[in-house]
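Going down the list, the sequences are from chains A and B. Residues in the first sequence are numbered from 1343 upward in steps of one, following the numbering used here. Residues in the second sequence are numbered from 10 upward in steps of one, following the numbering used here.
Be aware that one or more of the hints could be misleading.
To be verified - Chain A is nowhere near these chain B residues, computed Cβ spacing over 12 angstroms in every case: (1) R51; (2) F93; (3) A106; (4) I113.
Said to hold, decoys possible - Now the in silico label distances, taken between C-beta atoms and shown as ranges: (5) B:G85 - A:Y2111: 14 to 24 angstroms; (6) B:T121 - A:V2101: 18 to 28 angstroms; (7) A:R2079 - B:E62: 42 to 52 angstroms; (8) B:N53 - A:L2104: 18 to 28 angstroms; (9) A:I2057 - B:D125: 49 to 59 angstroms; (10) A:R2079 - B:A89: 51 to 61 angstroms; (11) B:V112 - A:A2088: 25 to 35 angstroms; (12) B:E23 - A:M2100: 34 to 44 angstroms; (13) B:E62 - A:I2084: 51 to 61 angstroms; (14) A:A2094 - B:E23: 19 to 29 angstroms; (15) A:A2088 - B:V56: 17 to 27 angstroms.
Worth flagging that the hints you see were computed from the coordinates, not collected in a lab. Ideal Cβ placement from N, Cα and C applies to all residues, glycine included.
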Amino acid sequence: MYKYIWLVPLLPLAGAAINGIFGRWFRFSEKLIGGIAVGSVALAFLISLTAVFSYGFSGNALWPSPYVTTQTAFTWIPAGAVKQTLGETSESTTISVANHPVTVAKPHASGLNIEWSYQLDPLSSIFMLVVTGVGLCIFVFATGYMHGETGFYRFFAYMGLFMFSMLVLVMGSNFVMMFVGWEGVGLCSYLLIGYYFNRTEAANASRKAFITNRVGDFGFLLAIFAVIATFGSAQYADVVSQAAGYPVETLGHWGLMSWIALGLMIGACGKSAQFPLHVWLPDAMAGPTPVSALIHAATMVTAGLYMLTRTNVIFQHSQTMMLVVALIGAFTAIFAATIGITQNDIKKVLAYSTVSQLGFMFLACGVGAFVIGIFHVMTHAFFKALMFLGAGSVIHGMHHEQDMRKMGNLKKYMPYTYWTFMAGWLAICGIIPFSGFWSKDEILWNAASTTQIPLGWLVWLVGTIAATCTAFYMTRLMAMTFWGKERFPGHEHSMEHEGHAQKKEHGTHDHHAHVPHESPKSMWMPLVVLAILATVGGFVGISTAFTGGAHVGGRMNIVNWLNPVIWNPTTKQFNVGETPHATEATTEKKTDSHVTETPAHDTGFNLAHTIEEKLHSETLTEWVFILISLIVAGFGIALGLLFYIKSPNLADVWAARLKPLYQASYNKYWIDEFFGLTVTRRTMDLARGVFAFDSKVVDGAVNGSAWLTRLTSRITGNTDKYLVDGLVNAISAFVVRLMSPIVRAAQTGLTANYALVMVIGLLVAVALYFFKSF
Amino acid sequence: MLLQEAGRAATALEGIKHPDLSKFLVISAILLIIGIAGVLTRRNLLVIFMSIELILNAANLNFIAFSRYLEDTGRGDPLAGQVFTVFIIVVAAAEAAIGLGIVIALYRNRETIWVDEIDLMKW
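Let the sequences and hints guide you as you build the complete structure.
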């Protein structure tokens, strides 16, 4: 069945093509458009499911070796022989030219042929399932949410195109295909953020997203060039196996691997909204809410994590870049979390929450726990998609009101939304046994116990504080939205929020249009599905502290499933799945002989090791960290309840007391203003300067030459007119004047004279006749 | 006396029968000279016309004289001269009609028929 995975990206593309091309011509009904879109994604999901099953769990499973669709593949870019100019294996030979040795780079023997083929391996299978599965829920939700919008067909055409691009991104078997998908999702993100293109803020947000992403794509593209120059191939299999043979560049060594990793990291920062390229994601909330859920929470923004994990061999060869990834992740996590505390727009809170959670994922990758990073991608996709769709449901029920200050006590009106949102809230706060707990706890544990980079304790500390903030602001969101007093007096329609101008009034809800209402079944059914996933989805990565130190469950355990993709810096091998002790290399080292077997590099103070030495048990240590993370989560929730339920005026009191901090957070630390001042305005200045150069210098040169031509033509014209013509006139006039008195004397005008001449002529003629005859 | 008379009459008859060509030619030449002199010297356009007629008639007289001479001597075709003369008279009549029309038109425009005043062709 896994032989049919090439259908998975094609089906949403076909659906998008049908909707996009014929939807308008033939005026498809909403039912038909929704049916085509949902049907194509559902089919893709089913194929993914069966493909992954037959790949990993059936009798003749291929796992863990990757499966590449060689049969249906074709050579997309037959680039031919390339010169490997970088890297250890760059084949160069020394020939002598005129007795001088000359080093010549040999063309790569096999040549560079970039295939269009799909790869099914542990990593891409997870992403396929998440993208199509969560995507399916969101598509179903969107059929209800987008009901009555003009451009319904357009929305689903873009969404289908997005699904195709995202699946190409995660299923491609080489870097170039990943880049195609990368740009494709960027384009669809642009189109969908700007879905309400007649609203200025949406149009600006879409441009901002697109341009910010270009900065990241620039780094990514350079990294792809470097990969091809170094390894002579863009195929993951070749690159990964060659890169494994390179020496590890420790802290302070900056070599080829670090350069490649830097480029990849810049790309990942742009796509996954890491500081300082995070600015586009909160603005991207101008798009319709299903778009925010699918693209800006669950799938597209995790593409950076996918890339990091896909190239984990390269990253793990550069300790410096691992540290950079971890620090950027930790900083983004706390940075965005503190902004989330003070935002009032429900979608803005969720957007900053997404940035913060993505920071957690980067943090996980930075400390070497790529598997846990992907685990968090998965759980985050469940609970954040759930919460975004829940927010969409709230916005729908509140008649396009997004300001949480005008909500409150919605649990009375929207029970389904409330209870499903509750699951998402508990998951993101990290309450056991909801999915977010397992992944976030594992991230913090890996940060504290990492041996790959120094400063693990700092990363852990920052992450823990960020987790507290997360619990706090999510509780705030719950309290302001679903609990407390009703704050929608007058129940008047707000005309200023999402797409109201284009939207027809909900005809079916008109009779009770002034109070919040529960959303239709097509909207709360996906919420229920996602709520179940957000609740139990974490058990695939259950912490080893609960299972006696082993990753139980065989291939069903995400750690075992993903491990073959991850390179182990200690053993210099790829991890083996299903062997608990080989997989948790860091754990093993600590328990067995962390003194005798020195780790790959000395990383200084290690928090987990220090505690462990006091407690003499690794499991106990892990329990300590689990307790800490539960306590901080509980603390955050309690604080939120205190501020927004028990004594609601406390929030204002503290906001006044910490006014500078509050202002900084409320204004998003003035990052937008800073970029506006430094980058945007300078770019505009540059553009103006270039324009001035163009209009003054370039146009000036052109116009100047025209002026010069006119000048010279005037000079030559006058020369011709006065000098040449004058000479001609003067000479001819002189001659005529000289000759004319003589000639005109003959013309007397007297007829008699002429007659005399005739007579004389006659006489002469007669005389000649006579003389001749003589 | 009578004989003398008769002699003279016979001579005259002989002169009529066989006229002397040279006399006609002299008269014709005189007419031509008078005509040419008239054309060259007179200023009145009508007089010039008349002078031209004199020239034409001088030519006619020549033709007639030679025709009679040829008839007398019996050589050539005597009628050719007569036919030429008739032609010339016809052409002269036509020419006189057109010429007098021109003179009248000229007079209406310029109020003069004096040729030295008709000098527009002068530079």
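Hint check results:
Listed as outside the interface, R51 of chain B is inconsistent with that label: its C-beta sits roughly 8 angstroms from the nearest C-beta of chain A, within the 12 angstroms cut-off. Residue placement check: F93 of chain B keeps its beta carbon more than 12 angstroms from all beta carbons of chain A (closest about 19 angstroms). A106 of chain B, annotated as away from the interface, keeps every beta carbon of chain A farther than 12 angstroms; the closest lies near 20 angstroms. Distance check for I113 of chain B against chain A: the nearest CB is about 18 angstroms away, which clears 12 angstroms, and the non-interface claim stands.
Between G85 of chain B and Y2111 of chain A, the C-beta spacing of about 21 angstroms keeps the proposed range 14 to 24 angstroms intact. Hint check: T121 of chain B to V2101 of chain A, Cβ distance near 25 angstroms, so the stated range 18 to 28 angstroms holds. Roughly 44 angstroms separates the CB atoms of R2079 of chain A and E62 of chain B, a value that falls within the hinted 42 to 52 angstroms. Taken as a hint, the range 18 to 28 angstroms holds for the pair N53 of chain B and L2104 of chain A, whose Cβ atoms sit roughly 23 angstroms apart.
For I2057 of chain A and D125 of chain B, the hinted distance range of 49 to 59 angstroms is satisfied, since their beta carbons lie about 55 angstroms from each other. At roughly 55 angstroms, the beta carbons of R2079 of chain A and A89 of chain B sit within the given window of 51 to 61 angstroms. Our hint of 25 to 35 angstroms for V112 of chain B and A2088 of chain A holds, since their Cβ atoms are close to 26 angstroms apart. A hinted range of 34 to 44 angstroms for the beta carbons of E23 of chain B and M2100 of chain A is consistent with their spacing of about 41 angstroms.
The given range of 51 to 61 angstroms is broken by E62 of chain B and I2084 of chain A, whose C-beta atoms sit roughly 37 angstroms from each other. A2094 of chain A and E23 of chain B have their C-beta atoms about 45 angstroms apart, which leaves the hinted 19 to 29 angstroms range violated. Between A2088 of chain A and V56 of chain B the CB atoms are about 25 angstroms apart, so this pair conforms to the stated range of 17 to 27 angstroms.
The structure does not agree with the numbered hints 1, 13, 14 stated previously, though it agrees with the rest.
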